[in-house]
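2 protein chains.
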Amino acid sequence: MKYNADLEKLCADYAFDGLKESVAAFRAGNPGRKVVDLGVGDVCLPLPRVVGEAMAKASLELCEKKTFRGYPPAGGYSFLKQKIVGRYAAEGIALSEDEIFVSDGTKSDVTRVCELFGRANVLIPTPCYPATRDVNYAAGNAVAELPCVKEEDFLPFPPYGKKYDVVWLCSPNNPTGSALSFEGLRRWIDYALSVGALVVYDGAYADFGDGRAPRSVYRDARALRCAVELRSFSKGAGFTGVRCGYAVVPRAAGEYNRLMKRNGGCRFNGVSYVTQRGAEAALSDEGRKINEKNVKFYKTNAEILKNAFKNKNLWYNINDGSPYVFAEVPKGFSSADFCARLLRETGVVATAGSNFGKAGEGFFRLSAFCSREDAFWASEAVGNFLETL
Amino acid sequence: MKYNADLEKLCADYAFDGLKESVAAFRAGNPGRKVVDLGVGDVCLPLPRVVGEAMAKASLELCEKKTFRGYPPAGGYSFLKQKIVGRYAAEGIALSEDEIFVSDGTKSDVTRVCELFGRANVLIPTPCYPATRDVNYAAGNAVAELPCVKEEDFLPFPPYGKKYDVVWLCSPNNPTGSALSFEGLRRWIDYALSVGALVVYDGAYADFGDGRAPRSVYRDARALRCAVELRSFSKGAGFTGVRCGYAVVPRAAGEYNRLMKRNGGCRFNGVSYVTQRGAEAALSDEGRKINEKNVKFYKTNAEILKNAFKNKNLWYNINDGSPYVFAEVPKGFSSADFCARLLRETGVVATAGSNFGKAGEGFFRLSAFCSREDAFWASEAVGNFLETL
Chain L
1 MKYNADLEKL CADYAFDGLK ESVAAFRAGN PGRKVVDLGV GDVCLPLPRV
51 VGEAMAKASL ELCEKKTFRG YPPAGGYSFL KQKIVGRYAA EGIALSEDEI
101 FVSDGTKSDV TRVCELFGRA NVLIPTPCYP ATRDVNYAAG NAVAELPCVK
151 EEDFLPFPPY GKKYDVVWLC SPNNPTGSAL SFEGLRRWID YALSVGALVV
201 YDGAYADFGD GRAPRSVYRD ARALRCAVEL RSFSKGAGFT GVRCGYAVVP
251 RAAGEYNRLM KRNGGCRFNG VSYVTQRGAE AALSDEGRKI NEKNVKFYKT
301 NAEILKNAFK NKNLWYNIND GSPYVFAEVP KGFSSADFCA RLLRETGVVA
351 TAGSNFGKAG EGFFRLSAFC SREDAFWASE AVGNFLETL
Chain Y
1001 MKYNADLEKL CADYAFDGLK ESVAAFRAGN PGRKVVDLGV GDVCLPLPRV
1051 VGEAMAKASL ELCEKKTFRG YPPAGGYSFL KQKIVGRYAA EGIALSEDEI
1101 FVSDGTKSDV TRVCELFGRA NVLIPTPCYP ATRDVNYAAG NAVAELPCVK
1151 EEDFLPFPPY GKKYDVVWLC SPNNPTGSAL SFEGLRRWID YALSVGALVV
1201 YDGAYADFGD GRAPRSVYRD ARALRCAVEL RSFSKGAGFT GVRCGYAVVP
1251 RAAGEYNRLM KRNGGCRFNG VSYVTQRGAE AALSDEGRKI NEKNVKFYKT
1301 NAEILKNAFK NKNLWYNIND GSPYVFAEVP KGFSSADFCA RLLRETGVVA
1351 TAGSNFGKAG EGFFRLSAFC SREDAFWASE AVGNFLETL
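Read top to bottom, the protein sequences are chains L and Y. Using this note's numbering, the first residue of the first sequence is number 1, and each one after it goes up by one. Using this note's numbering, the first residue of the second sequence is number 1001, and each one after it goes up by one.
Chain L on its own, in the form it takes in the complex:
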């Protein structure tokens, strides 16, 4: 039997799968204990009604001969791509429908984009979304981590003088919450154009930005020549269980648009009609209003959670453009040990920073995707626990 040796570069479990298992074990071993799970960044606010109703209507349409639809277009239905193009146009960014590739979410898009460039030298600023690092290793890329540091608010700066084929940026960043400014973005586009690199810009958290940072990589228009952007309906619109996102692959960015169409044609049969009708509704006026309300709700949770860290002499991300709290662990702990002890003592589940790359060691992440009640409860529990150390 022949196995893909690149998969052996991965650690045994996907970070969040491993986390889910250890939480399940803790619950089983501590029946009756209150557990507040701020580990995996999974939403809890329900799907906007306008979205669910659009999906229910679409489901029943498929039961009628006249309104039945078979294979979706591989890149997405025009009704959805038009809406997406319209949203970009409202930000002054001109895209055409054939530059949008609707997908079942950013995790899948990371693989699909990797397939475009093959085995490459890639640079990934860390801490980063674990799937980004994992998939690049699994795809056989030569991966260089660019460690970011708390003293620079975990912002990544280009490695002048070094050449990479591909640079992965995530802004606002998961897990650190740091967001590239217009100036920071300009620097990366300068770098990419100067060395001929492709920028893959993970904008899954674009809706959480604080308005001072560019929402899209294409706010630097030169990015149309060198950047792919990934977007998701998961967090604001509550699509983690519905699965929809999209990749923007501009025609001006070399051969990637052609390859995305060709590769997608043989690997992917597109996203459910039902899901795409839901995504269309999420981009309606009503859908966007609820999206905005949801984002505000989670960001307020993050602020509440941050109260735990005030006057503790520990670094944490004070900026308010993220649904995550990223904070330093007290001296003497590894991030994994701290998270284990936090769970044992308080019942609060956090993710150890080491799951996000070596640069995350010494930090931990709390997800603000929880109820308001849990945010208050966890904030107090974590704050009190930190006092005892």
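No wet-lab data here; the hints were simulated from the structure. The structure displayed is predicted, hence computed values, not measured ones. This list has only true hints and no planted wrong ones.
To spell it out: a stretch of chain L is covered by chain Y in this simulated footprint if at least three of its residues, at any positions, have a beta carbon under 8 Å from a beta carbon of chain Y; those stretches are:
{"id": "1", "segment": "68–77"}
{"id": "2", "segment": "103–117"}
{"id": "3", "segment": "238–248"}
{"id": "4", "segment": "268–282"}
Result set (DSS-like, lysine-lysine): computed pairs, CA atoms no more than 30 Å apart in a straight line:
{"id": "5", "chain 1": "L", "residue 1": "K293", "chain 2": "Y", "residue 2": "K1066"}
{"id": "6", "chain 1": "L", "residue 1": "K65", "chain 2": "Y", "residue 2": "K1293"}
{"id": "7", "chain 1": "Y", "residue 1": "K1002", "chain 2": "L", "residue 2": "K163"}
{"id": "8", "chain 1": "L", "residue 1": "K66", "chain 2": "Y", "residue 2": "K1296"}
{"id": "9", "chain 1": "Y", "residue 1": "K1034", "chain 2": "L", "residue 2": "K65"}
{"id": "10", "chain 1": "L", "residue 1": "K293", "chain 2": "Y", "residue 2": "K1057"}
{"id": "11", "chain 1": "L", "residue 1": "K66", "chain 2": "Y", "residue 2": "K1306"}
{"id": "12", "chain 1": "L", "residue 1": "K65", "chain 2": "Y", "residue 2": "K1083"}
{"id": "13", "chain 1": "Y", "residue 1": "K1002", "chain 2": "L", "residue 2": "K261"}
{"id": "14", "chain 1": "Y", "residue 1": "K1057", "chain 2": "L", "residue 2": "K83"}
{"id": "15", "chain 1": "L", "residue 1": "K261", "chain 2": "Y", "residue 2": "K1009"}
{"id": "16", "chain 1": "Y", "residue 1": "K1289", "chain 2": "L", "residue 2": "K66"}
{"id": "17", "chain 1": "L", "residue 1": "K9", "chain 2": "Y", "residue 2": "K1009"}
{"id": "18", "chain 1": "L", "residue 1": "K261", "chain 2": "Y", "residue 2": "K1358"}
{"id": "19", "chain 1": "L", "residue 1": "K289", "chain 2": "Y", "residue 2": "K1057"}
{"id": "20", "chain 1": "L", "residue 1": "K34", "chain 2": "Y", "residue 2": "K1066"}
{"id": "21", "chain 1": "L", "residue 1": "K293", "chain 2": "Y", "residue 2": "K1065"}
{"id": "22", "chain 1": "Y", "residue 1": "K1002", "chain 2": "L", "residue 2": "K2"}
{"id": "23", "chain 1": "Y", "residue 1": "K1065", "chain 2": "L", "residue 2": "K296"}
{"id": "24", "chain 1": "L", "residue 1": "K83", "chain 2": "Y", "residue 2": "K1065"}
{"id": "25", "chain 1": "L", "residue 1": "K34", "chain 2": "Y", "residue 2": "K1065"}
{"id": "26", "chain 1": "Y", "residue 1": "K1002", "chain 2": "L", "residue 2": "K9"}
{"id": "27", "chain 1": "L", "residue 1": "K2", "chain 2": "Y", "residue 2": "K1009"}
{"id": "28", "chain 1": "Y", "residue 1": "K1358", "chain 2": "L", "residue 2": "K2"}
{"id": "29", "chain 1": "L", "residue 1": "K66", "chain 2": "Y", "residue 2": "K1057"}
{"id": "30", "chain 1": "L", "residue 1": "K163", "chain 2": "Y", "residue 2": "K1009"}
{"id": "31", "chain 1": "Y", "residue 1": "K1066", "chain 2": "L", "residue 2": "K296"}
{"id": "32", "chain 1": "L", "residue 1": "K2", "chain 2": "Y", "residue 2": "K1162"}
{"id": "33", "chain 1": "Y", "residue 1": "K1020", "chain 2": "L", "residue 2": "K66"}
{"id": "34", "chain 1": "Y", "residue 1": "K1020", "chain 2": "L", "residue 2": "K65"}
{"id": "35", "chain 1": "L", "residue 1": "K83", "chain 2": "Y", "residue 2": "K1020"}
{"id": "36", "chain 1": "Y", "residue 1": "K1296", "chain 2": "L", "residue 2": "K57"}
{"id": "37", "chain 1": "L", "residue 1": "K358", "chain 2": "Y", "residue 2": "K1002"}
Here are some, though not all, of the chain Y residues that point toward chain L, as calculated from beta-carbon distances under 8 Å:
{"id": "38", "residue": "D1017"}
{"id": "39", "residue": "C1044"}
{"id": "40", "residue": "D1104"}
Here a beta-carbon is modelled for each residue, glycine too, at the ideal position from N, C-alpha and C.
Knowing the structure of chain L, use the given hints to seat chain Y on it.
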């Protein structure tokens, strides 16, 4: 910019994308002409009501806080995997839930399975589903085609004395309709075990089998040690637009089960809750009854289409275990030329056999996924056209 050189091994268009485009061009150039599209194998019977209603219900559940669900388990919900395991058990095949990996369809599964073994020596009997060949090339595998011939009803026989890492089998076959007998299957499992190869068994058309052929590769129990099976809800249950299928990766088949879980964890966030409730309903008693009725309907269409070939002295697949008619083109035509002329003269869209690999040259495929009326109309049109040659 760096591009994936493996993608350059593909022809310019994915077969069916190219076909869709040329049909659209024909329609545009011939307004008012009746066109019967038997090209792409896309279903037309609507989704069973029990399925659509389950999906509508699930969509609305997601709008309520209490019944909202976030990320699905990467390998699929237990409620669906139980049903799948139950179906196998009814055929005497013992599988456990963690050997089932629910997906968004067979096309995606082809890539996911390729990722398990990395760059390998693979053998693909042809004619074959174009995505199988394309994805293996795109994944950087060394692809050997095993040409099958009409004199043996396009049945594939193992290449004794030669060693491959992976063998792709599709039974009943798309496009030829040939199905491995129990004896034929036994030969391939013998071969795989003797050389240490993995068999990937594409059973997307299992429901169309005529009962004399094994529905599952695991009807040879030794296949649990060396075979992955792919299954789909697309054709019988009308899921081409909903997107659901699954891969079976037995724990006894080396490291693949572990790797599938690990690789899936970082690359794929699972299938929509709504879709999985639909698939569950497709496996209910009522859903399966409609599935069976649909399969019978399409198979009857295939029989009607085959009337066009009676007494024409051209080979065609007489067996009745397939929704496709695969037939020889008259002497003097390439398969592409014949299909172009057929469209021009009759308005019937067929797929040139060359799209299914070199061994398909000289043949063409008619899909029986059409209305009864179109089947009769096309059968007569094709039959009359053949008379004129």
